[in-house]
Structures are given as structure tokens and as C-alpha cells.
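Chains as they are written, first to last, in the numbering used here: chain C, 792 to 1206; chain P, 90 to 209.
Quick caveat, the hints were computed from the structure, so don't treat them as lab data. Don't take each hint at face value.
Cβ-Cβ distance ranges computed for the label pairs, FRET-style [what the hints assert, rightly or not]: (1) A945(C) / A132(P): 53 to 59 angstroms; (2) K113(P) / G934(C): 33 to 39 angstroms; (3) E803(C) / V145(P): 27 to 33 angstroms; (4) A186(P) / Q827(C): 34 to 40 angstroms; (5) E1018(C) / Q138(P): 29 to 35 angstroms; (6) Q827(C) / K152(P): 17 to 23 angstroms.
Here are the simulated BS3-like cross-link-like pairs (lysine-lysine), alpha carbons at most 25 angstroms apart as the crow flies [as the list claims (entries may be wrong)]: (7) K101(P) / K91(P); (8) K91(P) / K957(C); (9) K101(P) / K192(P); (10) K91(P) / K959(C); (11) K192(P) / K164(P).
Remember, it's a predicted structure, so these values are computed and weren't measured experimentally. Glycine included, every Cβ here is placed at the ideal spot set by N, Cα and C.
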Amino acid sequence: MLNRALDRIVREESGRVMATLIGTFGDFELAEDAFQDAVQTALEHWPRDGLPRSPGAWLTTIARRKAIDRRRRRVVARDKAPLLRDELLIEREGEGRPDEGDPWNDALPDERLQLVFTCCHPALSMKARVALTLRTLGGLSTGEIARAFLVPEATMAQRLVRAKRKIKGACIPYCVPAAHELRDRLEGVLSVIYLVFNEGYFASSTGPLIRRDLTGEALRLGRVLAELLPEEPEVLGLLALMLFHESRASARATDDGQLVPLDEQDRTRWNQEEIIRASALTERALRMKSVGPYQLQAAIAGVHAASPRARDTDWVEIALLYDLLYRTDPTEMVALNRVVAWANVKGPEVGLSRLEPRWAESMPEAYHLTRADFLRRLERREQADAAYAAAAKATDRDHVLAFIARRRHALQATT
Amino acid sequence: MKYLCLIYGNEKDWMDASPDEQGKIFAAHHELTEEAIKRGQMAGGEGLQPSHNATVLRVRDGKAVTTDGPFMELKEQIGGFYMFDCENLDQALELAALIPEAKTGTIEVRPCMVFDDPDA
């Protein structure tokens, strides 16, 4: 039990400790090794001496010493005097018993924001950004990340090593971008977090419907970011959006793991506490008067959340929000969802006429599912059945296949 | 850290450009050079003659073999380069974004090897 508690503390503190270590030593690999050393030391000391007052500060102090030790061994071997001098300075600063460390806020600057922007630097591939963010900021092990993205552990380890080497080799800076670049770069950070969330919530792979490990981690990262950048409306918008999704999680699947579409969900099972928090975040973000795609998606989710029954949904409001969203984020997926929204205002016939045939190529699963639904509502059963068959061919997700089978079964039953 | 910025572009675009357009591009390069010098980050750069003036050389078994270039027949060729000496990648990218060909072609920013750091 103690080990579980230690694990939890280490996980929670790791982002901040790692950020400080990387900030001090400018070296991801050294920071990681030193952090592992410190965790090892904690496992020896804490069960015996009790938990320190500030475990994060304790871990940081120990890890710094371990890093200095490790580096000194390397430095002495190479006989580099100037480097050694720097390290002696660092060492003096880190003296004193670790337990005397002040609580976080006084003792150590919070460098997690620098870490986020380095891990999500556009010079790294998206896959590398996701892996590195989960590893350093989220404190997940390489094995955990590998399992989450269904790749062999060796592949994930390789990906992380390459990313860290590129940061070091190309001198990717460890800093928060200047004000005029912040919004652009922030977009990249938010997309990493939302990708992790979506990977869990709309699990693209076969297997369980919702991967709580991933959604939970994305929410945690979203909260950290909202804490670090409370004045950035899109940061709040993303957190609100994820919370709205999360509030529906338990109604979105039946007990045996079947997908329940939004209009058929038992809305009494939606988590009202999360909805209230998400709504407050959305409002706070929108008041900052700098609208963006995450805020708009959160606003759309908020309209659903405010409807006690599916038939009470204010589809006009949602359709208008989709018009706005399409203006800020003109992707095909948004265009398709906009068609769905307007179809709920003007009828499935209109929806059908606005579906772009080229979407059958670019996003076959969503296209055929949507088309099948319009045809089903128009009671064109044979065509609907054929469209569901096409959708089934376009997906490899078990729960989507099960959903399609149920819909086709219902179509048969009504003929 | 030194960064080599390789300018890839379609040579035909350059040759088809009017003298007026070419003048504008030269002016932009001049401006960039001034800016890089002002920042103390200029470490060199050249515009290159067309790739069909290139010569390819290989030494095999002690024998030099030369052939008509370029190395690879691609639509996009290296038309020039800059060398910037910056503190980090972001500073190099900031200058690279001022290269006029960035708008039409592609810039590859390559960090140079650092020989006194065995980890690089």
C-alpha cells in the first residue's frame, strides 16, 4: 500500500521535478536518470523516516545531487574545468538536508511551462511530442506509453531517445516563447494534449471504449496548463471541452461496453459536477473575447449538456456555433459535423444533399455513418443498410462495428 | 551553435522571374543579411549557380571519377545557403523565416556538429 502511495506521489511530482532538473542541467537524459536515482533513494528513506513535508522539493534536492554526481563522473573523466565550476555553484545552492526544503512555491520556480513548450516544439514530430510530454510531464513510464499507443516498448524507447537527442543536438530552447509567438506555439501544445485525450475517448484502436488512463492523463495535463496560463482562453476552452466529454463518459457506454450515441444516452448519468465546472470554464474563456476552436467546441458541448432530453436540444444554436467553428477551423471533419447540426434543424433530406461525396474518400467511416443515419431517418431502409455496410468496411473499431450491427438489425426488424 | 540553412526551390521559377521580381528577391536577401549581422548571428552564405553547372565526384579504389551534375535530378534543388550562429534553434528559425525563398520553396535548417561535445 505504501508503494502505491509512493507511486502516486512520484507521478504527481514528476512533472515539476523534471522541469526543474532539465532547467538546471539542460539535459533530458541526465535529468531522467537523476530523477530515477532520487526515486530509488526515496523508496529507501520514506518508509523508514516518514514522508517529507514537501516530497517534490525533497525529490528535487536529491535528484540535483545525483545529477551533479553523475555529471562530475563524466566531467572529471573529460577534465573540463569550466563546467565543473558551474556545478559547484549548483551544488552549493543545493546544500542542506533535503527535508528542510521549503514548500514548493518559495523554494523552486515552476518551470513546467518551459518543459511543455520544449516537449511540444514544432521541430519534433507529433508522435515524438506526445511521447515526450507523457514521459517527462506526465511521468508515465516508457512501457506505459508504449502500451497506450500499442507499439512495442523498444519502438517507444527509440522514439524518446531520438526526440531527446534532437532537442540536445539542435539546441531546441528551454523557454516559454515570446508573447508574439505564444499563441501559435500554444496551438501545438493544445493539440498534443487533445490528441492524448481523443486517443483515450474515441479509442481509435480496438479494445475498450474509453481508455481512462489516457483521458485521465490528458485532463491532468490540461489542468496543469490552465493553472500555468490562466489568461489564455483556448487553454480554458480545451479543459472545458475535455471535461464536457468526460461528464458523459459513463452514459456513453453500456455496462457491457457498447457505444451509446448522444441522443440515446441516459442523461441522468451525466456528471453534473463536471458539467458545472466545464460551463464555468467556457464562460470564463468566452468573456476574454478571443474566440478559438476549443472554446467553440466547448460551447457546442455545453449546449448538449444543458438539454435535459435529447429532443430539447437547441440545434439552431449548435448549428450557428458550427458555422463559427468552421470559420476558425475549416477542416472536413468540422464541415461534416456542421452538416449534421443543420440536418437536425432542417431535416435529414437537407443533410443528405449537403454531404460532400469526396468525404467518402477522405473520412470514410464518418461519412458513411452519417449518410446511413440520414437515410435511416428518411426511412430509406435499403439504402441505409447499404450505407451501414460501407461504414462497417471503413472501420476497425470493435464498438463501432457492434453499433452498426445493432442499427442494421433494427432496420431489418422494421421492414 | 551553427545552423546551415539550405534553400531548396524550383530553379525554373528563378530563371523565369522578371528582372523586377529578381531585384525584389535580392533586396530581401540584402535585408536579411543586414539583420543577421546586426544580431551578430551571420556566419556566411552564398547563392549558387544553377545545378546543371554542378560536377559530381567520387573516389573509388583510389581513382577519382567525375561526372556531370547535379547529384540528384530533382525538381527542387539547393539554390543557396546561409550559415547562422545562434544560441538556439528558435533564433535560427526566426532568421530562416526571413529568407525570401521560404515563401515559395523550402528551407532545411541543419544544426552543425559540435566537436568538443561527444554527446552531440
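ask   = Any of the earlier hints contradicted here, and which numbers?
value = Violated hints (numbers, rising): 1, 2, 3, 5, 6 and 7; every other hint is consistent with the structure.
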